[in-house]
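Colleague: Residue strings, one per chain:
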Amino acid sequence: MLKYFQKPMPSQFTWLFILAPLLLTACQSTGKNASLNPYHEHGKTALKSIIATDFAPDGTLWRLFPTEKNIFVDYSTDLGHSFSQPFKVNPKKQKINIWAENPPIIKVSRNGRIHVLYYADEDQQATTYFSYSDDQGRSFSTPILVSDEATTAMHYMDQMLVDSTGKVYFFWHDTRHGRHDPKLGSGVVSLYYTTFDSLNGRLENQKITGGICSCCRTATALAPNDKPVILARMVLEKGIRDHALIRLLDNNQWSKPIQAITDDWRVDACPEHGPAISIDDQGRSHLVWFTLGEQRQGIFYAHTDDYGHHVSHPPLPLGDPSQLPGHPDVLAIGDRVYLTWQQFDGQQTDIMIQHSTDRGHTWSQRKNVLSVSGRSAHPKLLRKNKKAFLMWSTEAKGLQLINITHN
Amino acid sequence: MTMSRFKVLISALLIFFSVIVTANEANTPKALKFGSYQTIIDQQAGHPLVVVFWSITCASCLKEMATIKEIHQERPNLPIVMISTDDISEAPLVLATLKDNGLSDLDSWVFAESNSQRLRYEIDSKWYGEIPRLYFLDADHNRRGISGKISKADWLELLAG
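Residue numbers (our numbering), protein chains in the order written: chain L, -17 to 389; chain F, 1216 to 1376.
Treat the hints with caution; some may be incorrect.
Straight-line distance between alpha carbons at most 20 Å, and here's what the computed EDC-like set of lysine to aspartate or glutamate pairs gives [as the list claims (entries may be wrong)]: (1) F:K1248 with F:E1289; (2) F:K1248 with F:D1355; (3) F:K1248 with L:D105; (4) L:K51 with F:D1322; (5) F:K1245 with F:E1328; (6) F:K1341 with L:D179; (7) F:K1341 with L:D117.
One side of the interface only, derived from the structure: several residues of chain L facing chain F at Cβ under 10 Å [as the list claims (entries may be wrong)]: (8) G169; (9) C197; (10) P253; (11) E276; (12) Q277; (13) G280; (14) A284; (15) S355.
Think of the hints as simulated: they come from the structure by calculation, not from any bench. Cβ coordinates follow ideal geometry from the N, Cα and C atoms, glycine included.
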C-alpha cells in the first residue's frame, strides 16, 4: 500500500498526508487500484490457500480466489507474474466454504465466457453457486444455486465442464436420496448432474447413478465427441471402494458405471482422495487414482481406449511409497501425457512430475519441481493450447505456475 | 449471621459457576497443535486408551459414533479421545455433533495447525488422512491403527488385545 505514495511531489505531501486515509478507504472499497488491493499478491491471502485457475483460448490466465466472505476473479496476461484488478463475483457477502478436496472452479469457454462455481454455507452446509461473466470479469451474473434441493440435501464435490459449444455441465455428490443400501455401509451418495446454456436458464437436476463414495472428489473430462466422461470412486459390493467410468452416450443417455480399476479396497471410510482423468484427441482416457486396496496401495496411473472395458495393466505406481504420495493430476495433449502429485517427508511437501511422449506407454523419470513447508493446496495441471503448466498454491509462496511442456 | 449467610451464598454461587465453567471446559474441543497428541498419550501412561480421528463431513465417522457411545457406556473408565480433523474454526459444529451423538463428555480436540498434513504425519507417518482412523493403545501403549468404520465386535476384540 505504501508503494502508491512512494514519491509524492513536495507540494502535494501535506495534502496527501491528510487525504491518505480517505484515499485508501475509497480505493479499497471500489477495488479500482490493483496495487492497493490486499488480495493481489499471487493468491497469498486466498482462504486456506486454495485457488482455481484456467487459461482462456487467448492465453490469458484467469484466477479465482476465495476469501472468508467473497469470491474474487482476476486475470494475468504474463503467466501469473502480475494480475489485473480483482472483480467480485458475489454481490452479497456469504460464508465461503472450502477444503482442498472440494475446491471452487473457474472455466473459460471458447467464446470467452468466464464460468465460476463456488461453495458457500447457506441453509445447508456447503451448497454451490454458479455465476458467469461475458465482459471479461467486469460484471458477473447473480449467483444461482446449482442444486434444486439445496435447502434440504447436502451436496459437494461439484465439477464443472464447458463443452466446445459453451454448454456447461455440473456434476456433484448429492444426499437427497438419504436412505442408501444399508448393506453397502455409510458414506454412499448419488451422482447428479445438470446443464446450463443460453437456451436453458433453469438448472434441472438429474440423477446419473447411486453408489458414489461421498467424500472423494469425482473427476470429469470431455471425450473427443464433446461429451463428458466421469471417473468416480464407487461403493461396490461388500463395501469395496474402487473406481468406475461412466460416460454420456451419443443418444444422450448415461452408460452404466464400468468398474475400470480393481484394487479391492474394502473400507467404510472417507479417503478424501479423489481420482483424475484426461482424454486425448484419439479417445484414450488417462487415469490416476489413490487406493489402499488389497491389490495395491498408493497412487497409480493406467489408460483405457474403450472407457473402462479394457484398461492397461498393471497400473503404474507413482511416487515414493514412504512419502505418502497423493492427490495426483493428469493432462493429455496429443501424444504427450503429464502427471503430477504431491509427497510429504514430514517437513516439506514436494511436487513431483513425470511425463510420457507415447500416450502413456513409457515414462520419464519422476522429478521434484517445487517444494514448500507449510499449508498447500493440491497441485493441478493446466492446458494452454499445446503447452502444459503446473499450478500450485501454497500459504508461503502463493500461486506458482511453471511451464512443464516437453517438446 | 447475615454475614455468614452472605458468605454461604457467595460460596454456593462460586461453586455453581465453577461447576459450569469446568463442565464447559470439559466439553469444548481443545486445539490440537504440534505435540498435543504425545501429551494426550503421555497423560494416560500405563493405561489403555483409544484415539479416534473423525470429521463432521465424514458419514462413516458419524455412523461409528453409535458404537463408540455403546463402548463408552459399558466401559466408562476406558479413555476414548475424539480428535476432529476439521479446522479449529469448526469447533462449535464439532461440539454440536458430539452432543448429538451422546459423546460430549469425551475428551475432545480439533486440528488447529494450518499444515494439517504435518500434524497427521507427527501422529502417524503412514497415515494418508483417511477417516475414521482409530488407534487402540494397550497399557504399554503398543499401538494398533485401523482405518474405516468397524463393528462393536471388532472394538471388543481390539480392546481385548
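Colleague: Work down the list of hints and note, for each, if the structure agrees.
Modeller: Hint by hint, here is what the structure shows:
no.: 1; hint: F:K1248 with F:E1289; result: 31 Å, violated
no.: 2; hint: F:K1248 with F:D1355; result: 24 Å, violated
no.: 3; hint: F:K1248 with L:D105; result: 31 Å, violated
no.: 4; hint: L:K51 with F:D1322; result: 32 Å, violated
no.: 5; hint: F:K1245 with F:E1328; result: 12 Å, holds
no.: 6; hint: F:K1341 with L:D179; result: 46 Å, violated
no.: 7; hint: F:K1341 with L:D117; result: 49 Å, violated
no.: 8; hint: G169; result: 4 Å, holds
no.: 9; hint: C197; result: 6 Å, holds
no.: 10; hint: P253; result: 5 Å, holds
no.: 11; hint: E276; result: 13 Å, violated
no.: 12; hint: Q277; result: 16 Å, violated
no.: 13; hint: G280; result: 9 Å, holds
no.: 14; hint: A284; result: 20 Å, violated
no.: 15; hint: S355; result: 7 Å, holds
Figure legend: structure checked against the earlier numbered hints; hints not met, in rising order: 1, 2, 3, 4, 6, 7, 11, 12, 14.
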